[in-house]
Amino acid sequence: MGDIVDKTCKQTPDYSLCLSLLRSDPRSSSADTVGLGLILVDKIKALGTETLGQINMAYKTKPMLKKPLDECNLRYKTIVDVDVHTAIIAIRGNPKFAEGAIVDAGVEASVCEGGFPKGQSPITGLTQKMNKICDVTRAIVRMLL
Amino acid sequence: MASSESLLPVSSQQDPLSDSRCDSIPESRRRRPIKVHLAIYSGFLLIALYVTLIITHGGSAPKNDVNDDTTVESRARLAGVSEKSNDHIWNLSNDLKGEAFAWNNTVLSWQRTAFHFQPEKNWMNDPNGPLFYKGWYHFFYQYNPNAAVWGDIVWGHAVSKDLIHWLYLPFAMVPDQWYDANGVWTGSATFLDDGSIVMLYTGSTDKFVQVQNLAYPEDPKDPLLLKWTKFSGNPVLVPPPGIGAKDFRDPTTAWKTSDGKWRITIGSKINRTGISLIYDTTDFKTYEKHETLLHQVPNTGMWECVDFYPVSKTKDKGLDTSVNGLDVKHIIKASMDDTRIDHYAIGTYYDSNATWVPDNPSIDVGISTGLRYDYGKFYASKTFYDQHKGRRILWGWIGESDSEAADVQKGWSSVQGIPRTVALDTKTGKNLVQWPVKEIESLRLGRKKFHMKVEPGTVVPVDVGPAAQLDIEAEFKIKKDDLEVVFGDDSVEDDKEFSCETSGGATVRGALGPFGFSVLADQSLSEQTQVYFYVTKGKDSKLKTFFCTDTSRSTMANDVVKPVYGSFVPVLKGEKLTMRILVDHSIIEGFGQGGRTCITSRVYPTKAIYGATRLFLFNNAIDATITASFKVWQMNSAFIHPFSANDLGVPSST
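Sequences listed follow chains A and B, in order. Going by UniProt numbering, 70 is the number at position 70 of the first sequence; the sequence numbering is gapless. Going by UniProt numbering, 187 is the number at position 187 of the second sequence; the sequence numbering is gapless.
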């Protein structure tokens, strides 16, 4: 017997990540699929904000990476200000637009990461986490289509 | 085959970055087929391959051995498979190596189209309520007044005398009622018997429930239909029992039943079965829901933007939505929410019980191998009957294939396709044909005619001057002797199962293809989009033709979706291969075989822009020499602008 969180997470590409993200939010125990999706979009926003902080710090510690850091700044601002906002309003009304926004968040993160010379990204761990969370969130949003 | 041609593109010893390129060809030879040294062309193809490898391998140099060909093909196949099933599918882990292209305003502003409908800024999606009234074509559209992403949706409005020269008008409807507070969504117009207009549209209520609402022009004497009144009794339809609150949208134009009632259909789903609900009405205010459905197809998911209309079996003119009879078939079209693909099927409509049966159930509405209006980027499409010229016109929403960061930076997102006439293909009876409305020819400036014989493995520059706004009409013939050799030669294998999307794109060579045009290319072909035919030889010695568009090398940028699109195209005995291409900056519309197979794509070159844009003709077949006869027109801008008093009394340009 599994609750809705368990059942939902089983249908995503990363069951354990999904569980840990959702269970860390008390709202998940009484949420429907839309609610679970919104919790994950919140996580995307939080992670994006954290990454922007890291990017800011990296300007000082790794000034030679200014160009890719600038690109990452733009890309992560898009995630936090644009993708997250679109996902939130669309997930309730027209979920395919939320799916597009979440997929885009993953793209922005990957493009940012790809701009650093090999091995020099100060945010690789965060980028990988963003991609994984986006994959899981997307799977949940697709359940609403 | 012993000749070195067959070893192209990988085993040539030519340095891929050598300087010997097309631009060294003297001008005086430009109108004849130019056969330059083989090595130069292998250089081209290697450049193309090299660029592909850079993009997929993150900069590692290509190895010069025969295995590269298969490696590229299988990677392309993986990308093709994942992109085929859903727009914007990204393999998020590995594919985006290499520097992101830092979009700047110069490159971004080039992307705006010259003659496709788009608002001055911000986001647009579905076409709504198209109609012709008192001398004007009206076009409404889903629009976000506040951002270059979806949200805050209103009905934008524009008018035109000729479906090409559009004039922006104020918004027709905004979310000012509880029943459309979260969005004034898609709808359709119906003309009543007295010539008056009713509009049905979906509202997303303050609680995000999808309901249908009635609106009509505030002043029917106003030819511009500036103001719209929402019926005081809205909503007129709410989700019925058994239908989800968010699975009920996009009402169609109504048609008359033999009882004299009006009938509409609305797409929905039950579990994973896509369905189309049926309602009858006499006044558009109260409705009777049928217990039965117009149609349903399992495993197709939610049906959005359903469209339902008659087509003549024998004439290529359009029919009013209410027409029925022996000479008529009916089309059901739906936009598949799961895959973002528009599908249609041809069938028979039974008015007495409001059901429809497909001619060919194996390619029923929504089946992935079924028919599509367009094999590229094309969604939420809608037709209307143009009573002014007796034709049925198709509108389609063409979204972006780039990142939201770029959309926000450039300040806009999405265009509409050029309106197309749509009719049953009276020669095959099995598919529709679409063609850009004739009025678009009023944009043609000048014309150049070409007749070129193109040997296998050749790329030919086509000198047309500026190459970002073009109309190309072309006819191709495969040299008869080559066809006979290919068929007669048992050592030339039958092509294994070919598909535009998964067979590796335009650099993968077959006996009889690919050949066509490289548009939006730069001089060195480091960026190009190929629109081409690929002819295969089947086991039964029958030729099978495919029409494809390869965007995989359209740009150096790596934050853009770059699929290979396309499909089989019917070619009947005695027909030459024909294609038409409309090039308009970041949109390309290709029409194969008179519009039997259509492909719309979005591309975002970084180098092949402004004065650097070029056009090439190519023949990448191994065995066949191609003769191409074609005309290229420069296309003028449509100068789409806000309506002003000066625009009244402007004569139509047709």
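Just so you know, not all the hints are guaranteed correct.
Unchecked claim - Not close to chain A: a few residues of chain B, all C-beta gaps over 12 Å, as computed:
#1 Ser160
#2 Gly301
#3 Phe643
Stated by the list, open to error - Per the computed footprint, the stretches of chain A lying under chain B, defined by three or more beta-carbons under 8 Å from a beta-carbon of chain B, are:
#4 72 to 79
#5 82 to 93
Hints are computed from structural coordinates only; laboratory data are not their basis. Glycine included, every Cβ here is placed at the ideal spot set by N, Cα and C.
Violations among the numbered hints, reported as their numbers in ascending order: 2
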